[in-house]
Amino acid sequence: MAFLEIDGLRKRFGQVEILKGIDLDLEKGGFLVLVGPSGCGKSTLLNTIAGLETITSGEIRVDGRAINDLHPSKRDIAMVFQSYALYPNMTVAGNISFGMEMRGVPADERQKAIDKVAKVLQIGHLLQRKPSQLSGGQRQRVAMGRALVRDPKLFLFDEPLSNLDAKLRVDMRIEIKRLHATTGTTIVYVTHDQIEAMTLATKIAVMRDGEVQQFGTPAEIYNNPANVFVADFMGSPAMNLIPATIGGNGGDLAVVLDREARQPITLPMANAPAGLSAFKGKPVIFGVRPEALTDPEGAERNASQIATADCHIEVVEPAGSDTFAVTNLGGKGVVARLRADANIQPGTNTPLAFNLTKAVFFDPATESRIR
Amino acid sequence: MSAVTTPARQASGGVNVKIVNRIVIYGLLALFALFYLMPLFVMLVTSFKTMDEIQNGNMLSLPKAPTFEPWLKAWGETCVGLTCAGIKGYFWNSIKMVVPAVLISTMLGALNGYVLTKWRFRGATLVFGLMLFACFIPFQSVLLPMATILGSLGRFGVTLQNTVGTSFGLGNSTVNLVFVHVVYGIGFTTLFFRNYYEAFPTELVKAAQVDGASFFQIFRRIMLPNSMPIFVVTVIYQFTNIWNDFLFASAYAGTGDAMPMTVALNNVVNTSTGVVEYNVNMAAAMIAALPTLLVYVLAGRYFVRGLMAGAVKG
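Going down the list, the protein sequences come from chains A and B. Under my numbering, the final residue of the first sequence carries the number 416; numbering is consecutive throughout. Under my numbering, the final residue of the second sequence carries the number 605; numbering is consecutive throughout.
Every clue listed holds true.
To give a feel for the contact side, a few chain B residues facing chain A, derived at Cβ under 8 Å:
no., residue
1, Lys497
2, Gln500
3, Val501
4, Asp502
5, Gly503
6, Ala504
7, Pro516
The hints are simulated quantities; they were obtained by calculation from the structure and are not laboratory data. For every residue, glycine included, the Cβ atom is placed at its ideal position computed from N, Cα and C.
Let the sequences and hints guide you as you build the complete structure.
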């Protein structure tokens, strides 16, 4: 039995259904990230777990106990808010201990708990300050301290890093990951940043329009996207989704990619997914991540299927660690990820290696994966 | 270099225009300020003059022999109607009426604002809209209905007195005035606090809920301590209005022991016997105006700040 279980959760505001039957579960000590574009219902879902929003139907269980009808304070949860939501009239120590004070914890116990958390988060020197005297990163720490001090069953994070600048965000991300590793807490985390999702999660739920599009480990989500939306949303730069047709002779299948004013590229497929033969002669969406489309020398050595084709390079973007090259296939700009020192010039034709073991196919009509 | 000098030369012509503009603007402002301050000046100098000097001298001239006599007389000896014990009793009457009325109406307004923004219920906007109507009702139109209600409350008070032994203040003129001013003030105080709390981060309330704070704990520990600017604005507004009110005061406590300052002042000035003691009248009027002045001086800094905050965020 999972530690956090959500069954058939629905939430309706008037006629509008915000959450359309969510089923999720998370093991104890797991890190679940809810990710999706704004308006997908991920924050609403988090608020229903917290008890700040009521649910229309379904059930939420923590450690086997249904909590969906309990007051937020009775659910044994702690929450870190996007705006940190520190009480401006209280000191840092007052903020951290407010929850314990409301629960009637004696003063000396509160002080002990504050000291312990202050040590973990290294905010001991800030305890007597007001929130307005703190920097963004310090406020973030205090907000986490307020959650940690209660030692609850479940931590909820609502886009906690979105108000920080880029560098601090990376630092705090690592800090949260370290905190999770050392304290072994169970966390549900909302973000719209797919990198945060990939780096932090043990389980990811990709959401859109109130539905979970795919639920799985970061590797599953990244390598085996269930549909075009997930493939497009996760990964940076995004997966190349190229309109293509399936060709080939007899039992052998091949991917045919159109090119402007030139012969189409034909990439033979050896171990095509079983469902693909039904699409012979029909259009599909051919998905290949930028790192699976490289210069032949940089291609993965142990990949079983690599097809090489000459491509016309339109733009070259050196990014320091890698060089990205943009070519045009199937009427779309396609990004290839090359070694940083790859010798490549815009406006020339260069052979690119397609790692077809990593390629995925989608039905253009339903946008779901062809397996 | 020419690119630098050209704008400077153009500006030198503009500087003259600017100075003239400034003179006109500040001159006009000074003139209006003078016009506005003149009555206050006349009141102040007159209140420190003797009657002889008033009758023979210039109204605008400074007192030749300043004396506190008129102030002392106004405070302790002057006749209000038929009793000649000064206005001090009525001053305390006003304090006794204003302080509870201001505090109760402000707290209720804060509570209303809190509920209307952070605990929204179906029809909250409609309720708020209806409460706003209270701000537009002319005082005069509620005089008679309110008199009827106060009369009924008074009779109920008598019944209570006879059965339970105490009237709980029902029928008492001061209590009546507090009641009227609270009822009439709720519309305004709710408006102030609702607009302030509308911009108040809701996440703070949610965080407090998760922390286990109850409805009133959130109000007392989170909302109120962070409402200082709007609290001061509301208190100043309510204090000024209620202290200066003459209509309700004269209608519901126009005679008798509970008469507030404004009505007493009117009776001092309208005394028809003997010489009109302008210096005493002026001193009494100054005493009547002092509390509101004091409130502005002490809290005026917040008043401007609070109004601005409401204007930008609300």
